[in-house]
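Protein chains: 2
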Amino acid sequence: METLNLLERSLEVKWSDGKVATFHYLWLRDNCPSGFHPSTQERLFNLTTISPDIHAVNSTFDKSTLYISWSEGAHKSAYRLQWLYENAYSPDFKKTDTSVIVPWGTEILNKLYEVEYNDLMQDDLALFNWLKAVQKSGISYVRNVPCTDEGVTDVANRISFLRQTNFGTVFDVQSKPNPINNAYTSEALPLHIDLINQEIPPGYQFLHCLVNDSRGGESTYADGFRIIEELRDTDPEAFHLLCTVTVPMRFHDTETDIRTRNTIINADENGQLVELRYSPHLVDTFDMDESMMDSFYLAFRKLMVLINDPRFVISVKMKSGDLCIFDNRRVMHGRNAFEAGEGYSGARHLRGCYVDRSDFESRLRVLGRKYT
Amino acid sequence: METLNLLERSLEVKWSDGKVATFHYLWLRDNCPSGFHPSTQERLFNLTTISPDIHAVNSTFDKSTLYISWSEGAHKSAYRLQWLYENAYSPDFKKTDTSVIVPWGTEILNKLYEVEYNDLMQDDLALFNWLKAVQKSGISYVRNVPCTDEGVTDVANRISFLRQTNFGTVFDVQSKPNPINNAYTSEALPLHIDLINQEIPPGYQFLHCLVNDSRGGESTYADGFRIIEELRDTDPEAFHLLCTVTVPMRFHDTETDIRTRNTIINADENGQLVELRYSPHLVDTFDMDESMMDSFYLAFRKLMVLINDPRFVISVKMKSGDLCIFDNRRVMHGRNAFEAGEGYSGARHLRGCYVDRSDFESRLRVLGRKYT
Numbered sequence: 001m002e003t004l005n006l007l008e009r010s011l012e013v014k015w016s017d018g019k020v021a022t023f024h025y026l027w028l029r030d031n032c033p034s035g036f037h038p039s040t041q042e043r044l045f046n047l048t049t050i051s052p053d054i055h056a057v058n059s060t061f062d063k064s065t066l067y068i069s070w071s072e073g074a075h076k077s078a079y080r081l082q083w084l085y086e087n088a089y090s091p092d093f094k095k096t097d098t099s100v101i102v103p104w105g106t107e108i109l110n111k112l113y114e115v116e117y118n119d120l121m122q123d124d125l126a127l128f129n130w131l132k133a134v135q136k137s138g139i140s141y142v143r144n145v146p147c148t149d150e151g152v153t154d155v156a157n158r159i160s161f162l163r164q165t166n167f168g169t170v171f172d173v174q175s176k177p178n179p180i181n182n183a184y185t186s187e188a189l190p191l192h193i194d195l196i197n198q199e200i201p202p203g204y205q206f207l208h209c210l211v212n213d214s215r216g217g218e219s220t221y222a223d224g225f226r227i228i229e230e231l232r233d234t235d236p237e238a239f240h241l242l243c244t245v246t247v248p249m250r251f252h253d254t255e256t257d258i259r260t261r262n263t264i265i266n267a268d269e270n271g272q273l274v275e276l277r278y279s280p281h282l283v284d285t286f287d288m289d290e291s292m293m294d295s296f297y298l299a300f301r302k303l304m305v306l307i308n309d310p311r312f313v314i315s316v317k318m319k320s321g322d323l324c325i326f327d328n329r330r331v332m333h334g335r336n337a338f339e340a341g342e343g344y345s346g347a348r349h350l351r352g353c354y355v356d357r358s359d360f361e362s363r364l365r366v367l368g369r370k371y372t
Numbered sequence: 001m002e003t004l005n006l007l008e009r010s011l012e013v014k015w016s017d018g019k020v021a022t023f024h025y026l027w028l029r030d031n032c033p034s035g036f037h038p039s040t041q042e043r044l045f046n047l048t049t050i051s052p053d054i055h056a057v058n059s060t061f062d063k064s065t066l067y068i069s070w071s072e073g074a075h076k077s078a079y080r081l082q083w084l085y086e087n088a089y090s091p092d093f094k095k096t097d098t099s100v101i102v103p104w105g106t107e108i109l110n111k112l113y114e115v116e117y118n119d120l121m122q123d124d125l126a127l128f129n130w131l132k133a134v135q136k137s138g139i140s141y142v143r144n145v146p147c148t149d150e151g152v153t154d155v156a157n158r159i160s161f162l163r164q165t166n167f168g169t170v171f172d173v174q175s176k177p178n179p180i181n182n183a184y185t186s187e188a189l190p191l192h193i194d195l196i197n198q199e200i201p202p203g204y205q206f207l208h209c210l211v212n213d214s215r216g217g218e219s220t221y222a223d224g225f226r227i228i229e230e231l232r233d234t235d236p237e238a239f240h241l242l243c244t245v246t247v248p249m250r251f252h253d254t255e256t257d258i259r260t261r262n263t264i265i266n267a268d269e270n271g272q273l274v275e276l277r278y279s280p281h282l283v284d285t286f287d288m289d290e291s292m293m294d295s296f297y298l299a300f301r302k303l304m305v306l307i308n309d310p311r312f313v314i315s316v317k318m319k320s321g322d323l324c325i326f327d328n329r330r331v332m333h334g335r336n337a338f339e340a341g342e343g344y345s346g347a348r349h350l351r352g353c354y355v356d357r358s359d360f361e362s363r364l365r366v367l368g369r370k371y372t
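Chains as they are written, first to last, in UniProt numbering: chain V, 1 to 372; chain P, 1 to 372.
It should be emphasised that the hints constitute simulated quantities derived from the structure, not laboratory data.
Since we're looking at a predicted model, the values are computed, not measured.
One should not assume that every hint holds.
[What the hints assert, rightly or not] Simulated coverage check for chain P against chain V, where a stretch passes if three residues somewhere in it have a Cβ under 8 Å from a Cβ of chain V:
| no. | stretch |
| --- | --- |
| 1 | 25-39 |
| 2 | 56-69 |
| 3 | 116-129 |
| 4 | 197-208 |
| 5 | 257-268 |
| 6 | 275-286 |
[Stated by the list, open to error] Dumping the calculated EDC-like pairs for lysine to aspartate or glutamate here, alpha-carbon to alpha-carbon at most 20 Å:
| no. | chain 1 | residue 1 | chain 2 | residue 2 |
| --- | --- | --- | --- | --- |
| 7 | P | Lys-94 | V | Glu-290 |
| 8 | V | Lys-319 | V | Asp-172 |
| 9 | V | Lys-132 | V | Asp-149 |
| 10 | V | Lys-136 | V | Asp-284 |
| 11 | V | Lys-370 | P | Asp-257 |
| 12 | V | Lys-94 | V | Glu-269 |
| 13 | P | Lys-94 | V | Glu-361 |
| 14 | V | Lys-19 | P | Asp-253 |
| 15 | P | Lys-19 | V | Glu-269 |
| 16 | P | Lys-19 | P | Glu-2 |
| 17 | V | Lys-95 | P | Glu-2 |
| 18 | V | Lys-370 | P | Asp-289 |
| 19 | P | Lys-14 | V | Asp-62 |
| 20 | V | Lys-76 | V | Asp-92 |
Just so you know, even glycine gets a beta-carbon here, dropped at the ideal spot from N, CA and C.
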């Protein structure tokens with residue numbers, strides 16, 4: 001640190017590298033290290049115990065620390081300079097894009113990240129590298145997962161606990177009589193995101209193939225983020241409508257009626273994609289203003305056309321012991337129809353579960369303490 | 001229905017009550033009843049199989065049904081007139097505010113909705129009425145819940161399955177050595193929303209009092225929605241900042257590091273409140289643009305002052321067998337400090353769990369099929 005300057009509502013600091021940072025007095029007082037619980041690290045300081053006009057009356061610094069005496073109260077604050085530098089929020093300190101996501105089209109087929117079940121279960125570094133790869137591309141295969149009821153949950157629990165839904169914590173995808181959703185038939189399933197009718201759709205999905213002794217039944221995937229970028233480039237107005245107009249989403253059967261409203265695409269304030277909520281089965285009757293209905297339908301249809309574009313769709317036939325993990329809020333999945341045929345019994349059985357995105361990311365961060 | 005008129009991209013309908021509805025051709029084709037799975041009721045129709053310019057070439061109606069022949073394909077559509085009326089989206093059909101929420105201050109103490117455990121467990125109508133009351137005020141008490149480990153989950157499971165978090169599916173609130181959060185001490189807990197660091201904080205919270213043999217330890221509650229309305233009325237600019245500027249939220253310990261970014265207040269596109277995300281313990285270091293930092297802090301502090309205003313806070317001492325349910329995304333909770341004293345052992349033990357809002361609402365809708 002080179003110089004500091006006491007302004008009316010903030011402290012201005014010039015650092016040795018020439019960068020200038022402003023720290024507002026309210027921010028400084030609220031972040032005084034003495035205000036955090038020593039064991040839980042949670043903030044205990046109560047902002048209402050100081051006036052909105054609190055300011056520094058004196059401030060000095062040495063090689064490692066900045067000291068402040070305040071206009072009210074006897075308390076003095078001390079901040080590590082390194083902490084201040086790292087948490088500065090002035091224009092000179094604008095964070096650059098830290099997204100690790102790499103969108104893909106069909107070229108991913110040749111470089112799909114794979115890991116062996118045994119490595120994953122026994123080696124934390126293999127787990128860490130796998131999680132990083134999954135976060136990057138949103139899809140990966142695990143090979144040689146034991147074909148037991150617990151195979152899929154053993155893999156998922158290496159990351160975190162399971163996300164429960166109205167379908168349970170674990171679900172079996174196979175043909176059933178009187179199916180409550182289209183997955184439980186032998187028909188083709190077009191590409192979709194699972195459970196968009198939930199306030200937050202499940203994060204990462206795990207599908208473990210126990211049997212796939214059928215003609216057809218290939219799994220299909222497409223990177224929703226790749227497709228959205230294509231839409232944003234070629235039809236920004238359609239992209240904008242899908243990001244801003246909410247539609248009703250719903251699943252219902254005899255036991256449940258789960259509804260939400262959301263946009264089809266969610267991006268954050270910097271335009272970075274957060275999620276695609278695309279499932280033609282589960283969008284309810286559109287009800288936006290009359291003035292927007294036609295252009296919304298045209299935008300939605302344009303997205304659907306892109307989703308069916310062969311440039312983006314990969315097709316993989318799973319065999320017993322394969323497990324696919326994918327980011328259910330980014331990568332759409334589907335399957336081709338399947339049936340019995342010469343040499344095929346027609347049996348197909350996948351077992352699946354979910355782990356939410358925040359628990360996945362938490363695991364990655366905690367492993368990162370050790371491996372980065 | 002009185003008249004219909006084929007326009008270029010839509011059908012205009014005049015109803016007997018004078019209301020006029022426009023139905024766009026894309027909307028009509030997409031909602032043709034033939035496009036839904038007869039058993040699952042999910043949409044099977046693929047919008048990309050028709051052109052964006054599809055239109056009706058002929059349309060007639062009788063007492064109950066509207067018929068359409070299309071410009072492409074041999075398919076003809078038939079719609080129930082009642083369904084069309086109910087799903088019309090033109091200005092004449094603007095939905096009025098259907099919110100059932102009633103905000104409260106301290107006056108609620110005299111009319112807090114209560115239900116007996118036995119009634120709740122045995123009678124679906126009692127359950128239905130209770131859920132409606134809980135949705136309305138965001139808080140209610142259940143009396144005489146058996147003081148067993150399962151008491152709280154038995155009540156919660158009457159509604160739905162439990163929301164699991166990094167604290168488990170069930171948590172015990174009592175003093176612990178080396179606490180990982182402030183709740184597990186005997187200190188006062190200021191009003192807060194639980195787990196704002198989650199992408200969606202848990203919905204309804206259940207707290208079952210097993211022991212409260214302490215001096216102090218009263219539970220405190222305040223209706224966040226009532227307080228936000230006060231802020232919106234008295235300082236719309238502060239309200240706007242808290243609705244639009246995102247801040248980092250975080251919980252971390254040795255096992256987890258769960259983060260999200262969100263606004264402190266969430267309202268929907270019509271201005272209806274969705275949630276308050278207020279927890280001073282769990283907001284991380286603010287990092288918005290320098291130009292907004294000071295005014296954001298002033299807005300946040302103003303909200304904090306209102307939250308501590310005695311007009312809004314109720315205080316209730318729970319006794320063994322009491323269970324409080326509250327909407328954790330609306331109603332803040334806290335507690336006074338507790339200690340041993342004459343005639344008090346100082347023991348205090350609450351057991352808690354969560355059910356998410358969408359599962360709560362689903363249960364209410366499904367019971368409503370029978371009772372409304």
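Inset, instruction - Starting from Lys-14/P, check that the Cα of Asp-62/V is at most 20 Å away, please. - result: violated (79 Å)
Legend entry - Verdict on chain V covering the stretch 257-268 of chain P, criterion of 3 CB contacts below 8 Å: holds (count 6)
Inset, instruction - Three residues minimum, CB to CB under 8 Å: does the stretch 116-129 of chain P make the cut for coverage by chain V? Let me know. - result: Three-residue rule not met by the stretch 116-129 of chain P, so violated; n is 0.
Legend entry - Restraint status (C-alpha distance of Lys-76/V to Asp-92/V at most 20 Å): violated (28 Å)
Legend entry - Within 8 Å of chain V (C-beta), three or more residues of the stretch 56-69 of chain P: violated (count 0)
Legend entry - Restraint check for Lys-19/P with Glu-269/V, where alpha carbons must lie at most 20 Å apart: violated (40 Å)
Legend entry - Pair hint Lys-95/V and Glu-2/P, alpha-carbon separation not exceeding 20 Å: Violated - the C-alpha atoms of Glu-2/P and Lys-95/V are around 61 Å apart, more than 20 Å.
Legend entry - Lys-370/V paired with Asp-257/P [C-alpha distance capped at 20 Å]: holds (14 Å)
Legend entry - Assertion that chain V covers the stretch 25-39 of chain P - criterion: three or more residues, beta-carbon distance below 8 Å: Held - the stretch 25-39 of chain P has 6 residues with a Cβ nearer than 8 Å to chain V, which meets the minimum of three.
Inset, instruction - Quickly compare the C-alpha distance for Lys-136/V and Asp-284/V to 20 Å and report which way the hint goes. - result: violated (32 Å)
Inset, instruction - Please work out if Lys-319/V and Asp-172/V have their alpha carbons no farther apart than 20 Å. - result: holds (16 Å)
Legend entry - 20 Å limit on alpha-carbon distance, applied to hinted pair Lys-19/P and Glu-2/P: Holds, at roughly 10 Å.
Checked against the numbered hints listed earlier, the structure breaks hints 2, 3, 9, 10, 13, 14, 15, 17, 18, 19 and 20; every other hint is satisfied.
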